[in-house]
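A.B. asks: One letter stands for each residue in the lines below.
Protein chains: 2
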Amino acid sequence: MTNQATIHPLDDAMALQAREPGVYTGRTTQAYWNMVGPFGGITAAAMLEAVLKHPQLLGDPISLTVNFAGAVTEGEFTIRANPVRTNRSTQHWMLTLEQAGPDGEMVVATTATAMTALRRETWGVSDVKMPVAPGPENFERAEPIFRAQWLSAYDMRPVSGNFPSVWDDSGDTSLSQLWVRDVPERPLDFVSLAAASDLFFPRIWLRRARRVPIGTVSITTYFHANREQLAQTGSGFLFAQASAQEFRNGFFDQTAQLWNADGLMLATSSQIVYYKE
Amino acid sequence: MTNQATIHPLDDAMALQAREPGVYTGRTTQAYWNMVGPFGGITAAAMLEAVLKHPQLLGDPISLTVNFAGAVTEGEFTIRANPVRTNRSTQHWMLTLEQAGPDGEMVVATTATAMTALRRETWGVSDVKMPVAPGPENFERAEPIFRAQWLSAYDMRPVSGNFPSVWDDSGDTSLSQLWVRDVPERPLDFVSLAAASDLFFPRIWLRRARRVPIGTVSITTYFHANREQLAQTGSGFLFAQASAQEFRNGFFDQTAQLWNADGLMLATSSQIVYYKE
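Protein sequence lines, in the order shown, are assigned to chains A and B. Residue numbering for the first sequence is 2 to 278, as defined by our numbering. Residue numbering for the second sequence is 2 to 278, as defined by our numbering.
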């Protein structure tokens, strides 16, 4: 039993119970509820949490791909995390999230692959610098931009590419930039970074200034920060940026970058999203 | 038995034999051999071919993530393709590629997930235009840039960000652009596009003008073209572009775009690559 008075909503959503090694029971939570299911970012985070909880884990997350195969419904789910290949310094994972279907049979709602590794110090360089922007204290927290509980779990401060205020087909860009952190504040870790990689509103709503039905199909996140760099970031604001490359025949892609306030690239991410019309 | 005199080397590499539904036997080929294993792009293509060959296939490829979990060795391999979730218009796949290990036990060398879908006509727009560049006839085919058989399977015509001619740590960009097509010429399809998404030499070699050991860990490709658009592209040159975002502590990421000569975006791709030093 968890103490709802003191546990952070994100940690509450990450509460997985090991039934056997690699098999975990979790459940959806109201704090991260989207319109017809949980926020995709929180499902991605839960998949990663199953990897991080596994007794055979080697190293820290480097890459995570999560495929939203079907709706996750309210209630209990089972995550199976399988370390299919362990090398000297890298480890590869395959995962599923299942729920009981209408006839009681288990149905796969989400699939994932992940790679974890022991990192070592090497030469490095940033080829995509954080855009120059005034600090988060210069922007106001946005009101929840649509009716979804999970939006209240983030302090989002739009810098550019704001949520359209009118739906008049006047859009001309797919680029959004914002400052963002968890509400309540929470020190950044790999699961919260995985969740944050999915927090952008649909690029097509911005690009078209038109709200059409959408659903993320698959998201891939690459983690560039190690534990120490996440710890240094603490509960500070992240600078988050997303744009689309191509919208065609029912699917568009999005690329995203997340930096900490010191300009350190924490993660890069891409996703492909279904849209109607 | 295949007729080596007439079959294209790429189709030869895609020759999978169904042992049972969803279980296929293939083998590596010399034409796509890299330095210590097959070209990653051809392995990615073989995973996709297993999906396309599956009797339960729904629709065309939208996304493909391939994880290079361990070395693929010369000879036979087994691909298992499992359609874990089929919806009305989308289908989600999990795949593994296995080979017999030193003790005869089967070892997972590659994992993948894929999503296929029935596409429909919708609104669309391109937010990343093909760069303006002279046509392929204005550039010379590059000599194979390092000793790897697969390089001869492509006519690569560098436009910018060419393979360094000296290794003197003088690099200052990670962006490469080139015209490319299969050798011999071959009409573009989903598997050859999946392979082409991985044909860039390692960004770190360009960025540092230094050759360090590398290995792609995971590649994700989103397909924006449908069958008709691939057919229209035929065996013409593609304009291919890649750059890195972040190099740090042993891993860098790469984003890539592939257009046909008419400027139609065919695929966008991202990958994360291990590097030493």
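Hints should not be assumed to be uniformly reliable.
One copy or any two copies: either way a pair holds, since identical chains are not told apart in the list.
[What the hints assert, rightly or not] Straight-line Cα separation of at most 30 angstroms, DSSO-like style, residue types lysine-lysine; simulated pairs:
{"no.": "1", "residue 1": "54", "residue 2": "130"}
{"no.": "2", "residue 1": "54", "residue 2": "277"}
{"no.": "3", "residue 1": "277", "residue 2": "130"}
Please keep in mind that the hints were generated in silico from the structure rather than gathered at the bench.
A.B. asks: Look at each hint and say if it fits the structure.
C.D. replies: Consistency of the hints with the structure:
Taking the shortest alpha-carbon separations for residue 54 and residue 130, neither the intra-copy value of 33 angstroms nor the inter-copy value of 43 angstroms comes in at or below 30 angstroms. With identical chains, the CA atoms of residue 54 and residue 277 are at most 30 angstroms apart between copies only, with a shortest distance of 28 angstroms across copies and 37 angstroms within one. In this assembly of identical chains, the alpha carbons of residue 277 and residue 130 lie at most 30 angstroms apart only when taken from different copies (23 angstroms versus 34 angstroms within one copy).
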